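Residue numbers (the working numbering), protein chains in the order written: chain D, 58 to 394; chain C, 58 to 394.
Bear in mind the hints are in silico, worked out from the structure with no lab data behind them.
Given the structure is predicted, the values throughout are model-derived calculations rather than measurements.
Treat each hint with caution, since some may be false.
If several chains are the same, the list does not tell them apart, and a pair holds so long as it fits within one copy or across any two.
Quick list of in silico lysine-lysine cross-link-like pairs, DSSO-like style, CA-CA up to 30 angstroms [stated by the list, open to error]: (1) Lys310 - Lys168; (2) Lys309 - Lys320; (3) Lys195 - Lys207; (4) Lys168 - Lys309; (5) Lys351 - Lys310; (6) Lys60 - Lys351; (7) Lys112 - Lys63.
Given next are the chains, with one letter for each unit.
2 protein chains.
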Amino acid sequence: MEKELKKLSGSLLPSIEHEIRTVVARVQTPETEELHYMLAYHLGWVGEGAGAGGKRIRPLLVLLTTGAAGGQWEHALPAAVAVELLHNFSLIHDDIEDHSPLRRGRPTLWKQWGIPQAINSGDTMFTLANTAILELEKSADSSIALLAAKAFQETTLALTVGQYLDIAFESRSDLTTDDYWNMIGGKTASLIGTCTRIGALVAGCNETAQNTYQEFGVSLGLAFQIQDDWLGIWGDSNLTGKSAESDLISGKKTLPVLYGLSKKDEFARRWAAGDIQPLDVPELAQLLDSEGAKAYTQERVNYYTNRAISRLHQTNPHGDYGQALIELTELLLNRKS
Amino acid sequence: MEKELKKLSGSLLPSIEHEIRTVVARVQTPETEELHYMLAYHLGWVGEGAGAGGKRIRPLLVLLTTGAAGGQWEHALPAAVAVELLHNFSLIHDDIEDHSPLRRGRPTLWKQWGIPQAINSGDTMFTLANTAILELEKSADSSIALLAAKAFQETTLALTVGQYLDIAFESRSDLTTDDYWNMIGGKTASLIGTCTRIGALVAGCNETAQNTYQEFGVSLGLAFQIQDDWLGIWGDSNLTGKSAESDLISGKKTLPVLYGLSKKDEFARRWAAGDIQPLDVPELAQLLDSEGAKAYTQERVNYYTNRAISRLHQTNPHGDYGQALIELTELLLNRKS
Numbered sequence: 058m059e060k061e062l063k064k065l066s067g068s069l070l071p072s073i074e075h076e077i078r079t080v081v082a083r084v085q086t087p088e089t090e091e092l093h094y095m096l097a098y099h100l101g102w103v104g105e106g107a108g109a110g111g112k113r114i115r116p117l118l119v120l121l122t123t124g125a126a127g128g129q130w131e132h133a134l135p136a137a138v139a140v141e142l143l144h145n146f147s148l149i150h151d152d153i154e155d156h157s158p159l160r161r162g163r164p165t166l167w168k169q170w171g172i173p174q175a176i177n178s179g180d181t182m183f184t185l186a187n188t189a190i191l192e193l194e195k196s197a198d199s200s201i202a203l204l205a206a207k208a209f210q211e212t213t214l215a216l217t218v219g220q221y222l223d224i225a226f227e228s229r230s231d232l233t234t235d236d237y238w239n240m241i242g243g244k245t246a247s248l249i250g251t252c253t254r255i256g257a258l259v260a261g262c263n264e265t266a267q268n269t270y271q272e273f274g275v276s277l278g279l280a281f282q283i284q285d286d287w288l289g290i291w292g293d294s295n296l297t298g299k300s301a302e303s304d305l306i307s308g309k310k311t312l313p314v315l316y317g318l319s320k321k322d323e324f325a326r327r328w329a330a331g332d333i334q335p336l337d338v339p340e341l342a343q344l345l346d347s348e349g350a351k352a353y354t355q356e357r358v359n360y361y362t363n364r365a366i367s368r369l370h371q372t373n374p375h376g377d378y379g380q381a382l383i384e385l386t387e388l389l390l391n392r393k394s
Numbered sequence: 058m059e060k061e062l063k064k065l066s067g068s069l070l071p072s073i074e075h076e077i078r079t080v081v082a083r084v085q086t087p088e089t090e091e092l093h094y095m096l097a098y099h100l101g102w103v104g105e106g107a108g109a110g111g112k113r114i115r116p117l118l119v120l121l122t123t124g125a126a127g128g129q130w131e132h133a134l135p136a137a138v139a140v141e142l143l144h145n146f147s148l149i150h151d152d153i154e155d156h157s158p159l160r161r162g163r164p165t166l167w168k169q170w171g172i173p174q175a176i177n178s179g180d181t182m183f184t185l186a187n188t189a190i191l192e193l194e195k196s197a198d199s200s201i202a203l204l205a206a207k208a209f210q211e212t213t214l215a216l217t218v219g220q221y222l223d224i225a226f227e228s229r230s231d232l233t234t235d236d237y238w239n240m241i242g243g244k245t246a247s248l249i250g251t252c253t254r255i256g257a258l259v260a261g262c263n264e265t266a267q268n269t270y271q272e273f274g275v276s277l278g279l280a281f282q283i284q285d286d287w288l289g290i291w292g293d294s295n296l297t298g299k300s301a302e303s304d305l306i307s308g309k310k311t312l313p314v315l316y317g318l319s320k321k322d323e324f325a326r327r328w329a330a331g332d333i334q335p336l337d338v339p340e341l342a343q344l345l346d347s348e349g350a351k352a353y354t355q356e357r358v359n360y361y362t363n364r365a366i367s368r369l370h371q372t373n374p375h376g377d378y379g380q381a382l383i384e385l386t387e388l389l390l391n392r393k394s
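Extracted from the complex, chain D is given alone in its bound form:
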């Protein structure tokens, strides 16, 4: 299984990591050792629990797309660095905004260094991302660098707008599934779509092909996120023994929850009453199911999964990179937990 993906990841991932380190090293001076350390800690390179820096899925998508579209993946490395740094900037700030104490099993940056330095470290990571994308000028050319930088800023704006909605939704009880699509489109799917768009752009694809690659990425991001929402309630671990980790306990406004709320029936009443305990989880999950949320969510997963796969095949991905991209897509869309 995933033969090409394994083989290519073996050469791409070390290159990605090397390039990220090179960019982050720009803040490594005698006066700013600690700032550099904070970024390196968040990226999983140093400190207790080092190694937990994330899977680098987004940069991998950029590089595999460039290869699958017939380009040289090395030319897209600055963009791969940029998307990963942008993603990590958003995690640093989200963790402060959500008051999350843990990220990938380790204390979050703000927990370790306080809110002021964590905000500023996020800003530094964001700036390094913006610097990286402009370096496409050297590896590709200046018109590609400008187009990529524009697509990159578009997605960053979508990210901050999505995060605004996410925070605003916490205090609202009148949400619908429409609100979900606005938020999740900005927070998750937009960046994945930009990864595949920029990958295609660097490969020299025309506008139409770039759009198809972007639609592939957006659909992939949506399918992945909605599946995550499904698993957060009906995944094995959330019904058997680990109910405390269910999204029903955290109060997250996921797609099934918003669907349930929009029905204004028994689930909505129970949700509004608050104080959901681990023991209530199986019953509430069952209630959501009987009100149609499970089937609706599964239908949306299937829809975006099919759309992602159909768009990907439409791009006619080339050779080993194309095969690896198909494998990565299937891996992301077929997880069980």
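Given the structure of chain D, go ahead and fit chain C onto it with the hints provided.
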């Protein structure tokens, strides 16, 4: 006095404001009215105390430089917007990091909307700044847009590094004046230098002239900031009646304070003992003076003032815009409070 500056500001400031509004309107959708309102509030357009949005000195410097260097100021408008939005992004985050309740006499964004939305509004403002600078592609051309975007990211990095140092310094007692230059260079002077550099770049100046304009801006920024430090202790209002607003009370590590600390004499002992009251201010200001901090600070103000003026004349500023730029420089360097 300031005849040309007054005349030109009358036409440039409304254009600047119009362009900033156009860029910020990108987040004005039915779903994100509140996000747009937060940005508009910070920029002084709406809410109680509207009108207090800052003096727009940085965008004015960009446009006057373009005009003084023989270019069309209209071409530099995207850069003028970008520097103002970047400056305001940094203020939003600084206010959270410094726990400041007031900005320009009004409640800060985080005080009004909470830390999560304030962080994210700052990120949105930052993104809009990054978007704006790329729009030089349309008003100037793509090579100018790329060079400007790079200079812009350089200064943003300097800004976040300077802010890291500023926060880190709060808990350090072993600071020297060297630390001051590292911090203030990044936090204040770098952006002013980028304003004048990009202004010259858009006018089509060569690298050497861009460098001279940048040195003018950096020197102007340093002279202005050090003068601010001087006034914060020896300014009329801080010795007579308003001692509570003295920088000696707030504990700010300004240049005179760091000079005093480096002497490791009576002032340093009093500072380390903490708890400085308004009644102590005149005595401590006198102590700093007798230990040489006042003369040293004044000497640095003079040095950078002369350097700014000499670099400005070296660029041989043209016509009315040149005259207005000279007037703005003199206005910034000759303030009394």
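So, going through the hints one by one against the coordinates:
1. Lys310 - Lys168: This pair counts as both: shortest intra-copy Cα distance 24 angstroms, inter-copy 26 angstroms.
2. Lys309 - Lys320: For Lys309 and Lys320, the Cα distance is within 30 angstroms only inside one copy (17 angstroms; across copies 56 angstroms).
3. Lys195 - Lys207: both (17 angstroms within a copy, 13 angstroms between copies)
4. Lys168 - Lys309: both (21 angstroms within a copy, 25 angstroms between copies)
5. Lys351 - Lys310: Within. Shortest intra-copy distance 15 angstroms satisfies the 30 angstroms Cα cut-off; inter-copy 58 angstroms does not.
6. Lys60 - Lys351: neither (33 angstroms within a copy, 71 angstroms between copies)
7. Lys112 - Lys63: The answer is within: 13 angstroms in one copy meets 30 angstroms, while 57 angstroms across copies does not.
Hint compliance for this structure: hint 6 is the single one not met.
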